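Chemist: Assemble the complex: chain L is given as a structure, and chains W and V must be docked to it using the hints.
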Amino acid sequence: MAFLTLEKLTKKFGTHLAVDGLSLEVEKGEFIALLGPSGCGKTTTLQMIAGFVDPTAGAIRLEGRDLLAIKPAKRGLGIVFQSYALFPHMTVAENVAFGLEMQGVVAAERTKRVAETLDLVGLGAFAVRFPRQMSGGQQQRVALARALVIRPSILLLDEPLSNLDAKLREEMQIELRQIQRTVSTTTILVTHDQAEAMALSDRIVVMNQGRAEQIGPPHEAYERPATPFVANFLGKTNLVNGTTVRPEKISFGTSGLAGKVRTRIFQGNHWLYQVDTDGGLVTVIRQNTGEAMPTEGAAVHLVWQSSPPPSSGEVPAGRRGS
Amino acid sequence: MSKNGPLALAYHTLFVAFMLAPILVVCWVAFTPEGFLSFPTDNWSLRWFYAIARYPEFVSAFWRSLWLGALSSAIAVGVSVPAALAIARYRFPGREAMTALFMSPLMIPHIVLGIAFLRFFTQIGIGGTFVGLVLAHIVIVLPFALRLTLASAIGLDRAIEHAAVSLGASEWVVLRRITLPLVLPGLASGWALAFINSFDEVTMTVFIAAPGTETLPVRMFLYIQDNIDPLVTSVSACVIAITVAALVVMDRAYGLEKLLVGRGVDGR
Amino acid sequence: MRLAPYLLSLPALLLFAGVVVVPLVMTVLLSFHDWGQYKGIEPVFILKNWQEVLTDSYFHEMFARTFRIAFFVTLLAAVFGAPEAYILNRMKSPWRGLFLLVILGPLLISVVARTLGWALLFGGNSGLVNKALMSAGLISAPLPFMFTETGMVVALAHVLMPYMVLSVWAALQRLDPQIENAAVALGAGPFTVLRRIVLPQVMPGILSGAIIVFALAASAFATPAIIGGRRLKVASTLAYDEFLNTLNWPLGAAVAVLLLLALVAIVIGASRLVERRYAQVFG
Numbered sequence: 001m002a003f004l005t006l007e008k009l010t011k012k013f014g015t016h017l018a019v020d021g022l023s024l025e026v027e028k029g030e031f032i033a034l035l036g037p038s039g040c041g042k043t044t045t046l047q048m049i050a051g052f053v054d055p056t057a058g059a060i061r062l063e064g065r066d067l068l069a070i071k072p073a074k075r076g077l078g079i080v081f082q083s084y085a086l087f088p089h090m091t092v093a094e095n096v097a098f099g100l101e102m103q104g105v106v107a108a109e110r111t112k113r114v115a116e117t118l119d120l121v122g123l124g125a126f127a128v129r130f131p132r133q134m135s136g137g138q139q140q141r142v143a144l145a146r147a148l149v150i151r152p153s154i155l156l157l158d159e160p161l162s163n164l165d166a167k168l169r170e171e172m173q174i175e176l177r178q179i180q181r182t183v184s185t186t187t188i189l190v191t192h193d194q195a196e197a198m199a200l201s202d203r204i205v206v207m208n209q210g211r212a213e214q215i216g217p218p219h220e221a222y223e224r225p226a227t228p229f230v231a232n233f234l235g236k237t238n239l240v241n242g243t244t245v246r247p248e249k250i251s252f253g254t255s256g257l258a259g260k261v262r263t264r265i266f267q268g269n270h271w272l273y274q275v276d277t278d279g280g281l282v283t284v285i286r287q288n289t290g291e292a293m294p295t296e297g298a299a300v301h302l303v304w305q306s307s308p309p310p311s312s313g314e315v316p317a318g319r320r321g322s
Numbered sequence: 323m324s325k326n327g328p329l330a331l332a333y334h335t336l337f338v339a340f341m342l343a344p345i346l347v348v349c350w351v352a353f354t355p356e357g358f359l360s361f362p363t364d365n366w367s368l369r370w371f372y373a374i375a376r377y378p379e380f381v382s383a384f385w386r387s388l389w390l391g392a393l394s395s396a397i398a399v400g401v402s403v404p405a406a407l408a409i410a411r412y413r414f415p416g417r418e419a420m421t422a423l424f425m426s427p428l429m430i431p432h433i434v435l436g437i438a439f440l441r442f443f444t445q446i447g448i449g450g451t452f453v454g455l456v457l458a459h460i461v462i463v464l465p466f467a468l469r470l471t472l473a474s475a476i477g478l479d480r481a482i483e484h485a486a487v488s489l490g491a492s493e494w495v496v497l498r499r500i501t502l503p504l505v506l507p508g509l510a511s512g513w514a515l516a517f518i519n520s521f522d523e524v525t526m527t528v529f530i531a532a533p534g535t536e537t538l539p540v541r542m543f544l545y546i547q548d549n550i551d552p553l554v555t556s557v558s559a560c561v562i563a564i565t566v567a568a569l570v571v572m573d574r575a576y577g578l579e580k581l582l583v584g585r586g587v588d589g590r
Numbered sequence: 591m592r593l594a595p596y597l598l599s600l601p602a603l604l605l606f607a608g609v610v611v612v613p614l615v616m617t618v619l620l621s622f623h624d625w626g627q628y629k630g631i632e633p634v635f636i637l638k639n640w641q642e643v644l645t646d647s648y649f650h651e652m653f654a655r656t657f658r659i660a661f662f663v664t665l666l667a668a669v670f671g672a673p674e675a676y677i678l679n680r681m682k683s684p685w686r687g688l689f690l691l692v693i694l695g696p697l698l699i700s701v702v703a704r705t706l707g708w709a710l711l712f713g714g715n716s717g718l719v720n721k722a723l724m725s726a727g728l729i730s731a732p733l734p735f736m737f738t739e740t741g742m743v744v745a746l747a748h749v750l751m752p753y754m755v756l757s758v759w760a761a762l763q764r765l766d767p768q769i770e771n772a773a774v775a776l777g778a779g780p781f782t783v784l785r786r787i788v789l790p791q792v793m794p795g796i797l798s799g800a801i802i803v804f805a806l807a808a809s810a811f812a813t814p815a816i817i818g819g820r821r822l823k824v825a826s827t828l829a830y831d832e833f834l835n836t837l838n839w840p841l842g843a844a845v846a847v848l849l850l851l852a853l854v855a856i857v858i859g860a861s862r863l864v865e866r867r868y869a870q871v872f873g
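Protein chains in written order, with our numbering: chain L, 1 to 322; chain W, 323 to 590; chain V, 591 to 873.
Calculated from the structure, these hints are not laboratory results.
Note that the structure is a prediction, hence the values are computed from the model and not measured.
The reader is advised that the hints may include incorrect statements.
As the list claims (entries may be wrong) - Derived pair list, reagent style DSSO-like, types lysine-lysine, alpha-carbon separation capped at 27 Å: (1) L:Lys236 x L:Lys249; (2) L:Lys71 x L:Lys28; (3) L:Lys74 x L:Lys112; (4) L:Lys74 x L:Lys28; (5) L:Lys71 x W:Lys325; (6) L:Lys236 x L:Lys260; (7) V:Lys638 x V:Lys823; (8) L:Lys8 x L:Lys28; (9) L:Lys260 x L:Lys167; (10) W:Lys325 x V:Lys682; (11) V:Lys682 x L:Lys12; (12) L:Lys12 x L:Lys74; (13) L:Lys167 x L:Lys74; (14) W:Lys325 x L:Lys74; (15) V:Lys682 x L:Lys71; (16) W:Lys325 x L:Lys12; (17) L:Lys71 x L:Lys8; (18) L:Lys112 x L:Lys8.
To be verified - Below, a sample of chain W positions facing chain V; criterion: calculated Cβ distance under 8 Å: (19) Tyr372; (20) Ser402; (21) Pro404; (22) Ala408; (23) Ile433; (24) Ile437; (25) Ala532; (26) Phe543; (27) Val554.
Note that CB positions come from ideal geometry on N, CA and C, so glycine has one too.
Looking at chain L on its own, in the form it has when it is part of the complex:
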């Protein structure tokens, strides 16, 4: 039996269906990402697991127990909020100790575990600071430490990295993944950033309008998107003669689909091309290897390997018609 089970989870706000019969099974220790655009129902799903929103229908089971019957304060889940939601009037150590205090952990044990957890997130030297005196990245780590120190059965991450700048976000992704591996806590990440979801998770749930469009490992969803929505959301795609092709899978050759380069943009480690062909405008991404590349206006031929068919079990009916 799965560790965490969502069964036909549904949430209606008035007439608006925020989450529409979502079912999901999460294994112990797994890192799952709920991915989708804003308003797709991913945050509502997280809040239903946390207990801040009551589902209209459906069930949530944790190790077979009905999680919905347990009050939010008693669920023992670790949550990292988008705004971090640190207690501004408490020091870092007091913030991290709060959950242990609520569990009635004795002072000596508390001090030890707070120190351990702060070391885990690399903030051992910052225990007596107030949140306001720390950078965004450091506050993020405090929020993570506060969630992890109570040894939660599940770690819920609500857009945890969205308030950080691009460079810091990448560093934190690597660190978050390492920490999750170390403590091996089952983790559910909510994000709208497909790169983040693919970088961090074992499986991603691509959500759209309250439904799961595809559930699977990142590379599988990327290579074999179940729906056009998934294909588009996970990266740039070309629709050429009825098949979808990722731009980085196309290369320039001596024969193949003939076309003319309309624009060429240099993006450091790669070139981005737009090529006019009989099949429409095609986007091509080529690695920057230092070789000479076709210039704007040049006549080119495009070649690619047709992608393998999507795995059968995850294809919703009617996909081929789109």
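Modeler: Showing chains W and V alone in chain L's frame:
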């Protein structure tokens, strides 16, 4: 997500009752048909509202308060606009001290201001005159006018004015066609808040008003000092009705919360 | 260009120099002048008024009463206003705006009209407040409210309550709503959330509201004058009497200047304390 429990709602009901009780009681008593203070239950009468017309000092005090409020608020806004632009757009020595000076009538008890104005106006020979009242009211309502004009001056995106200049507008055209229309809502609400504060002011005005230049709150206060009868309740009911109407209009136009949050000591 | 801000502020500066600074200086000077029943005000420099105000037990008692009333008004406003602001903040959209208007609106209604309401409610033994308290079984005999400090405290607490609600409300607005959720997720019950998470964060709001309410209560005039009548004096009503009844302006000026100085000292001192206490946390 978080809801108020029944206990909280019961507390809330009592609190609102406490806040409204004295105001409702005044309006209730105003409708008494009796010649003395009583709570009308089955007989209601407008006799005390008609009676106001027979007391010219209330009627003239009302008109005086209206003019005083309108005039002093308009002048306060007029003086505030350039000062607000200076404070919002320039960093200059004495900027903080100047802002503190303009806001000081909120900090100084109105009783002290009343005494100071009484002494000063008597010395320069305008004691008990309407001119004195206007001067004093400009000073006490200026912080309200300044705060709202300052807020709209700070909120003004200078790039919009630069855009107008780049399109060939002269300074005067920019001011008339761009800047003023953009700050106008702030000026209007600043004037309204200043007006209400002037219209209600009693502590300071009671010192500088003489018989013949009494404002409505001063007349009401002096009347109550002598005796409380149904006439003063009907006058109060009218004042309450006017203020509530103004409040609702201002709330719709600007949002009462925005108008009031940050409002400091006003010395009443 | 360097003169521009000064030129722009010139009208306001001239007005304030002429109509605020000069009169205040004149009032301070006035408090050092002499006065006699028949000779009137004599522009000399003496310390008689200040000696009288600072040493006479009548003035001690009156200032003690003024600040005692201000203290209890502040206490009532904080104890009852802060929870109401919290409840208000948890209300849903149309109700929230409506009740905010109902609670803050009285701030703009004439203080004379509001105090008249309390005078009617208190109104001797037959007042509605006593009837309500007696029918609720809280008291057995009517309490005196008119011409008492109790009455002044209740009426002033009502008059100044909106300032406290406003101040706490503003502090609550700055709160991250997810913080309460964070505490709940870590296992805190509703009472713990209130005591350990919400209260410490709105404390600066309560304290700054308290400073405003205290300053306004200590210098309030119309409400103490109507509820206290001619018998029960506070600093502001005493100054009023000296000016408009006894006509001893120098003594009245000394009372008023002393009230101003005491309030400025208390307000600045308290604000400093609050700022220092919370500078590190809230910056």
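Chemist: Under the constraints set out in the numbered hints, which ones does this structure not fulfil?
Modeler: Numbers 9, 13, 18, 19, 25, in rising order.
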